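Undergrad: Convert by adding 11 to the 1-based position in the sequence shown; the result is the number in the working numbering.
Hints were generated in silico from the structure; no laboratory data involved. Among these hints, one or two may not hold up.
Ranges of calculated distance between the beta carbons of each label pair, as one might list FRET restraints [as the list claims (entries may be wrong)]:
| hint | residue 1 | residue 2 | range |
| --- | --- | --- | --- |
| 1 | 16 | 46 | 15 to 23 Å |
| 2 | 35 | 12 | 28 to 36 Å |
| 3 | 17 | 38 | 13 to 21 Å |
| 4 | 46 | 12 | 13 to 21 Å |
None of these values were measured; they are calculated from a predicted model. Positions of the beta carbon are idealized from the N, C-alpha and C atoms, including for glycine.
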Amino acid sequence: MVHLSPKCFKLLETLIDRPTYVFSREVILGKVWGVGRRFC
Numbered sequence: 012m013v014h015l016s017p018k019c020f021k022l023l024e025t026l027i028d029r030p031t032y033v034f035s036r037e038v039i040l041g042k043v044w045g046v047g048r049r050f051c
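Take these sequences, add in the hints, and give me the full structure.
TA: What follows is the structure in C-alpha cells.
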C-alpha cells in the first residue's frame, strides 16, 4: 500500500483518468489545486 497526500492522490487520479492526454501546467494546477489559484 502506498500512502499519498490528498494533492498527490488528486494528481495521480487526474493523470490516470486520461493516460494518453498531455496536460498543460495550467490544467494540472487547476484540477489539483483548484481553479482561480495563482502560482508563480
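Undergrad: Which numbered hints are broken by the structure, listed smallest first?
TA: 4
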